[in-house]
Amino acid sequence: MKLTLSEPKFLKDSVSIISDLVTEASFKITSDAIELIAMDPANVAMVIFKLLSSSFVEYNVKEEVLLSINMNDFKQVLRRAKANDSVTLEIDDNKFKITFKSNTTRTFYLPMIEVEDKQQKVPDLKFKSTITTTSDILNEAVEDADIISESVTFIVENKELTLIAAGDLSKAHINIKADNDTKIVCDEEKVKSKFSIEYLKKMIQGSKISNKVMLQLGNDYPLKIEYMVLNKVQLAFILAPRVDND
Amino acid sequence: MKLTLSEPKFLKDSVSIISDLVTEASFKITSDAIELIAMDPANVAMVIFKLLSSSFVEYNVKEEVLLSINMNDFKQVLRRAKANDSVTLEIDDNKFKITFKSNTTRTFYLPMIEVEDKQQKVPDLKFKSTITTTSDILNEAVEDADIISESVTFIVENKELTLIAAGDLSKAHINIKADNDTKIVCDEEKVKSKFSIEYLKKMIQGSKISNKVMLQLGNDYPLKIEYMVLNKVQLAFILAPRVDND
Amino acid sequence: MKLTLSEPKFLKDSVSIISDLVTEASFKITSDAIELIAMDPANVAMVIFKLLSSSFVEYNVKEEVLLSINMNDFKQVLRRAKANDSVTLEIDDNKFKITFKSNTTRTFYLPMIEVEDKQQKVPDLKFKSTITTTSDILNEAVEDADIISESVTFIVENKELTLIAAGDLSKAHINIKADNDTKIVCDEEKVKSKFSIEYLKKMIQGSKISNKVMLQLGNDYPLKIEYMVLNKVQLAFILAPRVDND
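Protein chains in written order, with our numbering: chain A, 172 to 417; chain B, 172 to 417; chain C, 172 to 417.
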């Protein structure tokens with residue numbers, strides 16, 4: 172296989188975000204796309220990443236390849252890519268070969284590793300509510316909640332999304348109404364689920380990919396957060412809810 | 172009470188600076204202003220803060236309120252305010268309620284606490300010298316002294332302000348002459364006092380409020396540092412001198 | 172002696188870089204220049220610094236002076252210089268006196284110390300290859316190598332400079348071809364030497380002085396890295412090779 176990107180941004184940003192959640196993972200490289208579906212070690216979060224062949228200036232994949240690597244090593248290498256470097260991905264002598272080209276040619280070789288559970292599947296989820304908003308609004312809301320507590324409750328009700336974080340004595344309510352920036356669809360009168368802020372903070376880094384985000388929710392049900400650039404890249408996360416007795 | 176600021180800057184910056192000196196404090200909210208007078212826990216520094224009602228777009232205070240809170244919690248909340256957020260302060264169900272409004276509505280509730288010595292009074296001081304200069308000049312002088320020693324001596328003599336810091340083997344002299352930027356008035360031939368640089372570094376953060384600063388000095392006497400924006404905000408500090416045997 | 176620079180940049184940047192390699196050193200101040208030749212404490216690296224009298228607006232040296240000081244103290248003082256400060260260097264009462272002048276006058280006094288081996292000599296080296304390139308290209312190459320290993324091999328062959336860093340399982344090749352930016356001269360078919368990346372990272376800070384750099388190399392031989400601004404300043408480093416058994 173030989174794949175060349177004319178600019179490294181989407182791959183670089185995505186790998187950087189993913190490496191905060193999963194340390195080792197497998198990319199499946201098909202004739203259509205580079206894909207990754209992986210669970211974090213605590214089994215709380217799933218990452219779904221797809222970089223479409225249409226993002227590449229050269230995309231030559233003869234047969235499907237499963238490329239298992241240490242995500243942190245890959246992130247370290249991609250951080251060395253400058254904005255105007257072209258990036259070529261190959262497999263050479265059982266090593267993963269990454270080449271940056273501008274006025275110099277810089278080649279990195281990373282070991283391919285053995286990963287268990289290579290073939291994760293995206294679970295079939297039925298959400299009750301779908302919200303599209305700007306990445307900024309979601310980022311601010313999660314960061315607001317972060318100063319108060321370690322978890323935050325998402326409530327969709329009356330065309331409004333409300334995030335509630337409660338500490339021992341302090342509390343935060345973030346209220347986001349449907350408007351030009353924010354579309355809220357909900358099949359039920361009220362939908363409510365609670366999530367870890369630590370995980371959310373890693374996922375909202377997806378705002379580097381797109382300034383739009385889609386949220387999908389249910390009642391005490393997983394949250395799906397999705398960043399997408401049409402015909403280029405998709406980065407999505409599924410986060411298990413916190414179900415507690417309060 | 173209900174108080175609304177159209178932009179959070181003065182409150183946000185002031186609370187951030189004050190929280191470096193005092194951890195818990197009481198705001199007195201009168202029909203004219205929000206005021207705070209507090210000593211640092213070591214009783215070396217006093218903070219005097221006043222945000223005038225004319226800074227607010229809505230200022231509704233029926234009776235004087237004493238609002239005691241943890242300054243660090245308040246700082247954390249105010250840091251979440253964006254430049255174009257309006258900020259509303261209320262008391263709701265015995266909690267301090269802070270609301271930020273822009274495209275979203277974000278509400279924080281902080282506990283009100285018990286504070287000893289709520290009613291600090293500004294001491295009646297008679298200074299011998301008054302200097303007005305730019306915040307930059309004072310900031311640079313304090314930071315210069317900081318690389319040499321933990322204390323710095325302020326001397327006013329011959330229409331000049333000199334800061335002297337002496338280490339074991341090193342020394343710094345910062346000489347500031349009266350000119351267009353700097354006015355120096357002194358009732359005595361020479362005035363001299365020594366202060367802690369650690370405290371000064373916290374106080375000169377007041378340069379975020381105004382690019383002008385007023386210093387008032389005496390002989391082995393407290394220093395008053397004052398930042399002010401006319402009809403808006405006043406942030407002043409009184410720092411006890413270091414009197415040593417040299 | 173009395174020496175005045177109209178702007179502190181070259182002295183400030185050079186002393187900052189040198190202080191990362193040597194803690195105490197002697198400047199020789201002659202009628203032509205301020206010079207420093209010093210070894211790092213581990214005897215692996217030599218620094219050669221020369222700030223020519225033509226850089227100064229005032230250069231008054233009656234007899235040669237040997238000025239031994241703590242480089243870190245000197246760096247701390249020079250960091251306080253603002254871009255538009257004039258800098259005057261003097262010896263006053265057996266102290267090293269540094270004065271910054273703009274709207275204020277700020278004077279620092281540092282102790283002069285005793286240094287062993289004051290009079291280092293630059294060794295007489297015969298290099299096989301000389302390369303001139305941009306500081307950016309060298310910086311990127313060293314930083315690329317840094318993510319893989321603690322040492323890097325420089326190879327000059329076929330009008331190309333290649334840097335190779337090898338980790339346990341990972342590897343990086345940085346290939347720099349002769350072109351408009353890069354001139355490569357080599358007296359032998361192939362030249363190869365290995366160096367510590369930790370030291371190289373300190374030396375490439377010389378890019379603050381000039382965006383051009385000259386490299387001189389041999390076989391298992393020291394590397395000389397030189398940054399120069401004509402008629403102003405020269406900052407060069409000699410780095411001993413790592414000779415290992417592979």
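Watch out, some of these pointers could steer you wrong.
All copies of an identical chain are treated as equivalent in the list; a pair is satisfied when it fits inside any one copy or across any two copies.
Said to hold, decoys possible - Derived pair list, reagent style BS3-like, types lysine-lysine, alpha-carbon separation capped at 25 Å:
no.: 1; residue 1: Lys272; residue 2: Lys354
no.: 2; residue 1: Lys365; residue 2: Lys348
no.: 3; residue 1: Lys365; residue 2: Lys266
no.: 4; residue 1: Lys363; residue 2: Lys246
no.: 5; residue 1: Lys342; residue 2: Lys403
no.: 6; residue 1: Lys180; residue 2: Lys363
no.: 7; residue 1: Lys246; residue 2: Lys342
no.: 8; residue 1: Lys292; residue 2: Lys253
no.: 9; residue 1: Lys180; residue 2: Lys297
no.: 10; residue 1: Lys379; residue 2: Lys253
no.: 11; residue 1: Lys372; residue 2: Lys246
no.: 12; residue 1: Lys272; residue 2: Lys342
no.: 13; residue 1: Lys342; residue 2: Lys199
no.: 14; residue 1: Lys373; residue 2: Lys253
no.: 15; residue 1: Lys233; residue 2: Lys365
Please keep in mind that the hints were generated in silico from the structure rather than gathered at the bench. All values derive from a computational prediction rather than experimental measurement.
Hints versus structure:
no.	hint	verdict
1	Lys272 x Lys354	between (42 Å within a copy, 19 Å between copies)
2	Lys365 x Lys348	within (19 Å within a copy, 56 Å between copies)
3	Lys365 x Lys266	between (42 Å within a copy, 24 Å between copies)
4	Lys363 x Lys246	neither (35 Å within a copy, 30 Å between copies)
5	Lys342 x Lys403	neither (40 Å within a copy, 30 Å between copies)
6	Lys180 x Lys363	neither (35 Å within a copy, 35 Å between copies)
7	Lys246 x Lys342	between (37 Å within a copy, 15 Å between copies)
8	Lys292 x Lys253	neither (34 Å within a copy, 40 Å between copies)
9	Lys180 x Lys297	neither (32 Å within a copy, 45 Å between copies)
10	Lys379 x Lys253	both (16 Å within a copy, 20 Å between copies)
11	Lys372 x Lys246	both (18 Å within a copy, 21 Å between copies)
12	Lys272 x Lys342	between (51 Å within a copy, 17 Å between copies)
13	Lys342 x Lys199	between (44 Å within a copy, 23 Å between copies)
14	Lys373 x Lys253	both (23 Å within a copy, 22 Å between copies)
15	Lys233 x Lys365	neither (44 Å within a copy, 39 Å between copies)
Of the numbered hints given earlier, the model fails hints 4, 5, 6, 8, 9, 15; all others are met.
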